[in-house]
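Here's the letter readout for the chains.
There are 2 protein chains.
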Amino acid sequence: MLAWLKNYRRALLPGDISAGIVVAMMMIPQGMAYALVAGLPPVTGIYASILPPIVYAIFGTSMTQSVGPMAIVSLMTAAIVGQMAPAGSGLYSVLAAQLALVSGGVLLLCGLLRLGFLANFFSRPVMSGFTVGSALVIAGGQLKPLLGADLPHWHGPSAALGLGSVLLLVLARSHLAHLLRACGMKAPGAEMATRLAPMFVVVFGLLLVQALGLEAMGVQTTGKVPSGLPQLNLAMSSRHWQQLVQPGLLVGFVIFLISMSAAQSLALKRNEKLASNHELVGLGAANVASMLSGAFPVTGSMSRSAVNFAAGAQTPLASVITAALLAMALVAPTGWLALLPMPVLAATIIVAVLGMLELDTLRTAWRYDRGDALAWFASGAGVVVLGVEAGVLVGVALSMGTLIWRASRPHIAVLGRIPGSEHFRNIERYSADTRPELLALRIDANLFFGNSEAVQQRIEDELRGHPQARNLVLVMSAVSSIDTSALFALSELNQSLCRRGIGLHLAEVKGPVMDRLRQSDLLHALNGEVFLSIDIADKKLQ
Amino acid sequence: MLAWLKNYRRALLPGDISAGIVVAMMMIPQGMAYALVAGLPPVTGIYASILPPIVYAIFGTSMTQSVGPMAIVSLMTAAIVGQMAPAGSGLYSVLAAQLALVSGGVLLLCGLLRLGFLANFFSRPVMSGFTVGSALVIAGGQLKPLLGADLPHWHGPSAALGLGSVLLLVLARSHLAHLLRACGMKAPGAEMATRLAPMFVVVFGLLLVQALGLEAMGVQTTGKVPSGLPQLNLAMSSRHWQQLVQPGLLVGFVIFLISMSAAQSLALKRNEKLASNHELVGLGAANVASMLSGAFPVTGSMSRSAVNFAAGAQTPLASVITAALLAMALVAPTGWLALLPMPVLAATIIVAVLGMLELDTLRTAWRYDRGDALAWFASGAGVVVLGVEAGVLVGVALSMGTLIWRASRPHIAVLGRIPGSEHFRNIERYSADTRPELLALRIDANLFFGNSEAVQQRIEDELRGHPQARNLVLVMSAVSSIDTSALFALSELNQSLCRRGIGLHLAEVKGPVMDRLRQSDLLHALNGEVFLSIDIADKKLQ
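Listed in order, the protein sequences are those of chains A and B. Numbering-wise, the first sequence is residues 1 to 542 according to our numbering. Numbering-wise, the second sequence is residues 1001 to 1542 according to our numbering.
Mixed in with the good hints, there may be bad ones.
As the list claims (entries may be wrong) - A few chain B positions that, by computed beta-carbon distances, are all more than 12 Å from chain A:
id, residue
1, K1006
2, H1153
3, P1157
4, E1191
5, G1218
6, G1223
7, R1239
8, L1325
9, G1355
10, R1435
11, E1529
Unchecked claim - With the Cβ distance kept under 8 Å, some of the chain B side facing chain A (calculated, not the full set):
id, residue
12, F1117
13, P1125
14, A1365
15, D1372
16, S1399
17, W1405
18, S1408
19, H1411
20, N1446
21, E1453
22, A1478
23, L1487
24, P1512
25, Q1519
Rather than coming from a laboratory, the hints here were simulated on the basis of the structure. Beta carbons are placed, not taken as given, at the ideal position from N, Cα and C, and that holds for glycine.
Here chain A stands alone, though its shape is the one from the complex (with noise of 0.2 Å):
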């Protein structure tokens, strides 16, 4: 906790500065737009954005992430609380607030148990599809407002703005660098220029509403934001604390996914080490603060993270110092904040979820593992079809049965020794001799409840197809762990061999799952030997 203040150099400080600047003037924009996502008022966007980051400086262990409003997580916000309160009702924002202290509440519990490896219940297939599928679900969410109409109607001057706005934001993504540099400036100046550009294109498009008198003609723009610092808010609803269970565990688990996800990519750069089980604690106290601040579930975002860690942060010190600018922000006078142009906003949104649009991982896994690229496709289609809070639990889903699906094929081999020598290998990769006494398999896999029906039921196959062995060795060089549902089939396993008066023997066991078999009765009971390797074994049981 604070370990980065205590051990604070003067020279850490002009990164940090320069980073808290340059995320301050990216914040506002996006915090406001994500505001929007959520279905709240666009200032609460903001009010996530001062106290959260500050809470997590002191809680959290990264040096670069940087905590506030995120796409999915206002995503998520806005389809739970949608379905228990009206859209800009009193009643919405509380509920917003109520379950970023829920979500906090379950990622602080889970930090205290130590839960930090719950993480890992996403493969990154699977998670990539999420994702994928949340951006082109908010995208979505954005024609409206970029439009000023539902499809297929439009309204004239919005449409020509909001997708002004795209072009120019992705003209601005993909050239802008390069022209910048073209012209002199150099290389970070200048992409620190190209991250900038949402704000650029915001205020220009304010600019221009105002100058073309847009807004008489129909362009919607944010409306009045209050001045002044975040009100201490502690309304909730307490009819609704059962409601908000579930899907404060969801947002939690997605909360720390996200964030763990962006966090260890950064500490990666600069081998940092994270400690999840901290991560936990600093995120869920930054979720408790948003909801004291009247705001809503917030999260490490990537995208704000890489800005922050490319602007030079080097500590925490970078988001307080984005914070404070946030607060003097708000406040001065906040009236030119009431004339952002929403459809430009509703750009601002869209053209990052399309930096979301991440297919690097499916072009991989399609190459590389058809399966895992199949659970990406079922994960992306699983949040659009269901909605983003059932595709967290069909994420999991499908990241387990994957696991599973993998665990019932376990790689068996029958080994035979190479002739002349003391070294065994898989018969159908070298050619190697075997004798029809003795059956040694190899098995690839540690064992544990997932595999050890498919284990048993290969052993018998390949019994099955050496009717002649009288000894089966079980060459456990692969093996590191043998869990409680393993032991039981390999209990059944002896006791089956034995009726058949077939020998069982376990050959190249490691040491640490020696020393738990000790600790059981299956080497007393064992109609066979250990032996130290398969040579010895085949050896002595000529």
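Chain A is already provided as a structure; the job is to place chain B on it using the hints.
Chain B in isolation, oriented as in the chain A frame:
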């Protein structure tokens, strides 16, 4: 399908006939009792024991499985349907049958989609805890009929009859076989008599009630049992389809789990082969048949199948004979079935589920793996506290949680050279030599999304502990698979080491893993080499 019939030999007939008769005698009180557990008229329990086992005999693959009513599935039926309809109402019966249809449909669908591997979603300790928790809940629910009134009150004659029956049944279970053998009966006969004890106790109770006129004193009996075969039932409640989907999934899952664990343990005894996808179809069809019979969800039962097996069943013909005998019992006068005393039936249920209180798994797990023992307790507590329906989800979460938690702590060994040899071993277990410039790590787990983060972190930790290392060799002798998530983690590790000027090498990569890696970019981008053995790597990287 029906392969057993095509190869039927006359020699198998005596076993099948004797098993058919024994199970039929067992089925009458048991079927009626489990119908009561499900909250349904007793006769439906017999209906559930006629058509479903015949249909299973056609589609299933187990030779000795006995499909019909089963305590846990009946308990789930009561828990689910009890929330939707008042007990004893017509709607209740309709929904119970409809639940069988939905569960059957789920099972059929899973079978056609070849999802038989789903049986591996429960670890053995979790399944055992779930079973024990369910047994306690079922026994608790039978206290009222056993004592004739709610605790702490009781109805004297009922309680005397009920507790007396419990005592008799417990004594029969523990001593009858021994006693009969002492009287000169042969072992198999004595065991069979013990298995049939519940039926003798029920008949004895019936006679006692009649002889002493206990019915007039308030002892409840089953009441009129309609004569004749079940009518074709097509009644459904169109309003409840949606509400039945999720429960149907859970019930289908539990049906499959229970039936598979029974069938597997029997198949192992005779070295028979089960096809889990065919089992899904067999159980699904049996449940559709149960719906058409106007009954409720059915499954294979461990205890009944063990009787079937012990009584000599060779093929599913035994179950067909049982079904035929039960059908004959329904066509014959059924007046006497109305007189079965409820306290005695409750006693048979209680003693039957006491047999499910199997603590051997817990005992083994406690010694062998404390985490598995905790999962046992949590699973049992989940059923008792949250109910059997939520208990299934708790069980899945616990199994998966244990799996991911274990995966998050992979075993990784630092290797050193055994002086003067070509062998490298874990330096914590052997006195082996290392060089500061070379760090050799053996990864003792398949790499997948559940552990790739932890492996990455562990490697970084080791590198921090070996600051002079210029080359890192990952010894992959125990790695049999690398999924897409882990492939990305390895690529990121490679990039990170590349930036730091540390070489990343692989050694002893298995054939199938290498084949797979060749389809990725990793080998191409690798900041190092792939060596046949760590010995070669060590010599080349001097």
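Quick one: which hint numbers does this structure break? Sort them smallest to largest.
none
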